[in-house]
Amino acid sequence: MLTTYKGKVDANVLKKKDDERQRRRMETYDDLLCECRKHIERLAEMEVDNTIYTVPRIRLGKPPIHSFNACLCYIIYNLKKGGFRVDYIFPDKLFIRWNEGGDASVNLAATKYFAPKTGSDSRL
Numbered sequence: 001m002l003t004t005y006k007g008k009v010d011a012n013v014l015k016k017k018d019d020e021r022q023r024r025r026m027e028t029y030d031d032l033l034c035e036c037r038k039h040i041e042r043l044a045e046m047e048v049d050n051t052i053y054t055v056p057r058i059r060l061g062k063p064p065i066h067s068f069n070a071c072l073c074y075i076i077y078n079l080k081k082g083g084f085r086v087d088y089i090f091p092d093k094l095f096i097r098w099n100e101g102g103d104a105s106v107n108l109a110a111t112k113y114f115a116p117k118t119g120s121d122s123r124l
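Residue numbering for the sequence shown follows UniProt numbering, beginning at 1 and increasing consecutively.
No wet-lab data here; the hints were simulated from the structure. Be aware that a few hints might be false.
Under the rule of at most 20 Å between Cα atoms (straight-line distance), these lysine to any residue pairs were calculated in the SDA-like manner [stated by the list, open to error]: (1) K80 - L33; (2) K62 - K80; (3) K38 - D19.
Now the in silico label distances, taken between C-beta atoms and shown as ranges [to be verified]: (4) S67 - C34: 15 to 23 Å; (5) K15 - I58: 38 to 46 Å; (6) K15 - F95: 38 to 46 Å; (7) N12 - V48: 48 to 56 Å; (8) C34 - F90: 19 to 27 Å.
Beta carbons are placed, not taken as given, at the ideal position from N, Cα and C, and that holds for glycine.
With the hints as constraints, model all of the structure from the sequences given.
Below, the structure written as structure tokens:
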């Protein structure tokens, strides 16, 4: 309750409520970041090195996201801090890349496969 015995507002109570609200907000952001990391881990196990991740605006049975933009910034910041390259795609998608150097043998094979053909075909 925000009021005391004589109807006065207590600043400490307001501060505690604000701190609790901020803590719940950060838990929500951390949950979304964890979901994104799990998505990345599943793809990395399949030897994929990029993904487009859609950040959900609404999650059933979970607290609401009060500031979606702040949530996006939090996720992007933490992924970049973890070594990922992240590009934002409006309104709610993240293009995430990792292992961009890749395996040299795979890159060499891709270079040979996609190299322009030599010969009489002038269309290439």
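Do the hints match the structure? See the list:
no.	hint	in the structure
1	K80 - L33	12 Å, holds
2	K62 - K80	26 Å, violated
3	K38 - D19	28 Å, violated
4	S67 - C34: 15 to 23 Å	19 Å, holds
5	K15 - I58: 38 to 46 Å	30 Å, violated
6	K15 - F95: 38 to 46 Å	40 Å, holds
7	N12 - V48: 48 to 56 Å	51 Å, holds
8	C34 - F90: 19 to 27 Å	24 Å, holds
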